[in-house]
Amino acid sequence: MLIRSPSDILPSEITPRAVYLNRREIMAGAAGLALGAGLPGAASAAPLQAAKSAFSTDEKVTSREDVTTYNNYYEYGVDKSSPAKTAHTLKTVPWTVKVDGLVGKPAEYALDDLIKGSALEERIYRMRCVEGWSMVIPWVGFPLADLIKKVEPQGSAKYVAFETAYRPKEMPGLQSAFPVLDWPYVEGLRLDEAMNPLAILAVGLYGETLPNQNGAPIRLVVPWKYGFKGIKSISRISFVEKEPPTSWNRQAADEYGFYANVNPQVDHPRWTQATERRIGEGGLFVKRRPTLMFNGYGDQVAQLYAGMDLKKFY
Amino acid sequence: MRPQASQPASTFKLPQIPKIAVYIVGFIPAVWLFYEGLNDRLGADPMKYLEQSLGLWALRFLIAALAVSPVRQLLNVNLLRYRRAIGLLSFYYAALHLLTYVVLDQGLDFEAILADILKRPYITIGMATFVILVPLAMTSNNASIRRLGGKAWARLHKLVYVAAIGAALHFLLVVKSWPPEPLVYTAIVLVLLAYRLGRALIKNNEPRRRAA
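Protein chains in written order, with our numbering: chain A, 2 to 315; chain B, 629 to 840.
Be careful, since some hints might not be right.
Below are the DSBU-like pairs computed for lysine-lysine, each with C-alpha atoms no more than 35 Å apart in a straight line [to be verified]:
no.	chain 1	residue 1	chain 2	residue 2
1	A	K117	A	K99
2	A	K170	B	K804
3	A	K61	B	K647
4	A	K86	A	K117
5	A	K288	B	K804
6	A	K170	A	K313
7	A	K86	A	K312
8	A	K61	B	K747
9	A	K313	B	K747
10	A	K86	A	K159
11	A	K312	B	K747
12	A	K159	A	K313
13	B	K786	B	K647
14	A	K243	A	K61
15	A	K99	A	K288
16	B	K804	B	K786
17	B	K647	A	K159
18	A	K150	A	K106
19	A	K99	B	K786
20	A	K313	B	K786
21	A	K288	A	K159
22	B	K804	A	K312
23	B	K804	A	K92
24	A	K243	B	K786
25	A	K53	A	K151
26	A	K86	B	K804
27	B	K647	A	K288
What the hints contain is simulated information worked out from the structure, not anything from laboratory work. Keep in mind that this is a model prediction, so the values were computed, not measured.
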């Protein structure tokens, strides 16, 4: 494999003008975040330009209020309402992501440089939480595959490992005397899963930069998997040969697998996965709806798991 | 009710609050939860919030009922006359919690409910805990004490210890990981039960110590 050093090509030679403009949008967003730091939630959001995507669902989108106030992000506490109240303490500007492992261009990348070269898209995806509820969320992001190609993984790289920033001073949940998880939060994908066009790195939500409680400034979205696979506030991406450890699998291996594909036929040992409650639907009188195989994304991803026993590789 | 003569002389005298007041205050959380729920003010997942809150209040009242004796013995504050109301409130909240699960959560899908009871340990335990609470609630009246006789009644009501362990386990098993809240409630239940066990052991040992 030809490994080029970054200095061979000037960014100006390969980055189209539209993307430069796009980049300015992001920087405007970043500036907005910097100005808004210390203020909770929407105050710090900046608009993002994003193209529509054929991968988007036309289902009714969950309200912004629900998407931004009902969050499992244990770095900010175990209550779903905690992240919206406390996540503003995370400083997302400046932000760098360390890319390392079996990769041609390892570096500590500025967030901006990782996004550069990718056009932002709005992806309206279903999100199914392993706890049995679901939402429909209008993400703004770019294909994870774009980033992977950019950093040139070596032939021996079989998995991508992700790590969330570990900042106890900015993340109150990390200060707890009884850690709920083994920090930092880690997740992983098989390289072919990561290259699937459905897998995106989201930098926005509802047409604006991500609120901190939703994983700002950059997070993974893999809509055919349970929500906990969507690692937030990514600070490191490593390319590895062996299946990397994942936080919930380490916590309870019999309950949370590496794959964690949405599968109505494989129950969580303690509760059913056959049905789900769609947030914002019906209030107290919410009706359960059947959960779909691969969260309804089987056409795009089922072939990734051909021949695999999904009861074993849950 | 125990005779007043058995009370330590220094027992702190509380103003006599009518028992009905305990029920009225005790039902405020339930009324408030239903009202907020109907007005869509219980967050993104209101049904789950209602279900979990009602269960939590059942456990809180159960703990409060178990705390009445230690509070009397250790702090000389006698709340015995309110214990029945507190215990019954725990039962009523457990019943509302179960009703929410059956009607709102499962939508009266009895097949799914039966599957849950058989397959999910936390639901098996929760249901068993409720079943234990039923005879306790049904005999929480003076007529039952007379009919059963004080000793048999007291023995039957020792089942509340089993119910407390069941309720704590039910809470611990439903959460992911080990968040602090269910651990704290479980610790309180264990302390209240350990207190009784310790007291019983000391009582049993006392005569022997004297003999030696």
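Kindly indicate which numbered hints from before are broken by the structure, ordering the numbers from low to high.
-> 3, 6, 7, 10, 14, 15, 17, 19, 20, 21, 24 and 27
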